[in-house]
Amino acid sequence: MSDREPVDEPRAVAIALTKGGVGKTAMAINLADRLEERGRTLLVDIDPAGNATEGVGHPEAYDHEDHIGLYLQRAANAADGEPVDPSLDDIIIEREGFDLIPSNIDLSTTESVIDAENRFAILVIKQQLLDIVLGDRYDYVVFDTPGDSDSLFREAAIYGAGNVIVPMTPAEESVRGFETLLRTEIVPAREHTDVDIISIVPNEMLSDNESRWLVDELNESFGDLLPPFAHPSLFDDADATDPGIRQRIAFKRAWREGVPLSEYDPESDMLDRLDELAEIVVRGGIDGE
Amino acid sequence: MGSDRFNELSNMESESRTKQNDSDSEDTEGSKASEEGKTSKESTDRKDRKDRSDRSDSTDSTDSVDNPSDTHSETTTTSTSEPDTQPEPEPEMQSESTTQPTPGDIHDTAFDYSEAKQSPLYARPSTWEAFDDALELDVERSLRKQEVRNASKRELHDATLRVAAENPELVAEMLLEIRRQG
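These protein sequence lines are chains A and B, in that order.
Read in order, the letters of the first sequence correspond to residues 1 to 289 in the numbering used here.
Read in order, the letters of the second sequence correspond to residues 1 to 182 in the numbering used here.
Since the hints were made in silico from the structure, they are not lab data.
Just to be clear, a hint being listed does not mean it is correct.
[Stated by the list, open to error] Capping the alpha-carbon separation at 20 Å, the derived lysine to any residue pairs in SDA-like fashion look like this:
| id | chain 1 | residue 1 | chain 2 | residue 2 |
| --- | --- | --- | --- | --- |
| 1 | B | Lys19 | A | Pro188 |
| 2 | B | Lys19 | A | Asp8 |
| 3 | B | Lys19 | A | Val187 |
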């Protein structure tokens with residue numbers, strides 16, 4: 001965290017799809033990395049698998065006694081003004097670059113307890129985290145969410161952040177995951193609060209027919225949510241890289257080394273696209289809010 | 001799956017967005033329930049929705065980049081410039097059926113041994129080792145999930161070359177990566 005001036009419009013965003021294996025973690029890590037160039041940024045790993053935590057070089061935090069789940073559980077039950085142990089300071093890891101709230105091996109357990117104990121469990125991330133840090137301590141907060149079909153923390157992150165980026169891979173399972181996310185979380189949440197899908201991002205793209213199919217379909221049905229770097233016309237532009245966030249070996253290598261793509265390969269052609277995605281978050285949508 | 005599916009999702013998304021915007025425009029005192037009141041309903045809704053949702057979607061909860069077991073990403077750097085030679089019989093041929101493959105049946109081999117063409121590939125021993133491990137540990141495990149247990153070596157090699165042929169930018173990226181590493 002730095003002492004930089006706050007931005008005009010702080011924003012939280014959840015990287016979400018009700019499906020694993022679509023590259024949410026790599027997108028969350030590298031989006032947080034690019035947003036840090038634009039403002040003070042916090043990455044919150046609320047996926048109990050803890051892959052983002054490991055992917056930014058803090059695997060040891062996964063076994064810490066204090067963690068975000070415990071903080072949320074106790075904060076939700078604390079009286080106004082009552083100190084919470086662990087505190088937010090105890091669970092935030094201040095790093096060079098963006099800061100991190102790591103996942104934890106006991107995250108699922110506390111998630112179940114919070115869900116069972118609190119009538120207003122879905123507000124826990126908004127009230128106990130975002131209302132406290134967003135716009136004050138951080139300009140941007142990025143959530144890496146689990147792909148499981150039933151996840152209080154993902155739903156609470158979507159509800160609290162109010163902004164969602166949906167990564168989709170060129171596979172039927174991705175479309176089904178998007179349908180589940182829309183049907184069971186985003187549409188019902190919109191009955192009560194504002195939730196915007198600020199972008200649908202074709203991810204782990206190749207140059208095969210499935211990848212063409214995905215961007216064509218998305219362009220036709222969700223053209224206003226498709227970033228310019230994912231437009232199907234790029235397939236026909238000999239001078240341009242094909243559309244979407246491409247499947248790159250460097251993403252996996254960077255994760256293995258516990259660093260963002262920008263550090264692993266500063267020359268990567270995907271950094272410009274990740275910067276474009278960061279700008280979409282800054283604006284609050286492809287063309288702004 | 002086709003355009004209809006995406007159109008349906010698009011309609012669902014835009015309808016709920018429109019309702020959200022309508023609700024915003026009526027955002028006056030009393031037009032919205034108190035936060036806790038809303039949440040009480042939402043909290044109940046959450047459990048109801050989960051009961052209705054299709055849990056079959058949750059089978060895979062591992063992000064691809066999240067999969068540390070994927071340690072075999074060193075693809076082979078290949079050369080096919082050597083003259084073709086007759087293929088050596090594959091060991092598993094001895095136990096294979098001599099009947100013709102059934103097109104479209106994933107439990108039958110895709111093509112017969114006589115249709116295979118052998119051509120040497122040159123790669124470092126460590127790459128071959130990683131490749132063999134990937135086939136044995138990861139590819140065959142994926143196939144077993146589909147109850148396919150009779151993949152022949154020629155099919156595995158054929159599929160490998162097709163993946164490379166369909167993904168030239170990945171091959172180029174890997175070659176550059178290897179050169180950078182020296």
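We went through each hint and held it up to the structure:
1. Proposed proximity of B:Lys19 and A:Pro188 is supported: the alpha carbons are some 11 Å apart, at most 20 Å.
2. About 28 Å separates the Cα atoms of B:Lys19 and A:Asp8, which puts this hinted pair outside 20 Å; it is violated.
3. A C-alpha spacing of about 10 Å is found between B:Lys19 and A:Val187, which places the hinted pair at or below 20 Å, so the restraint holds.
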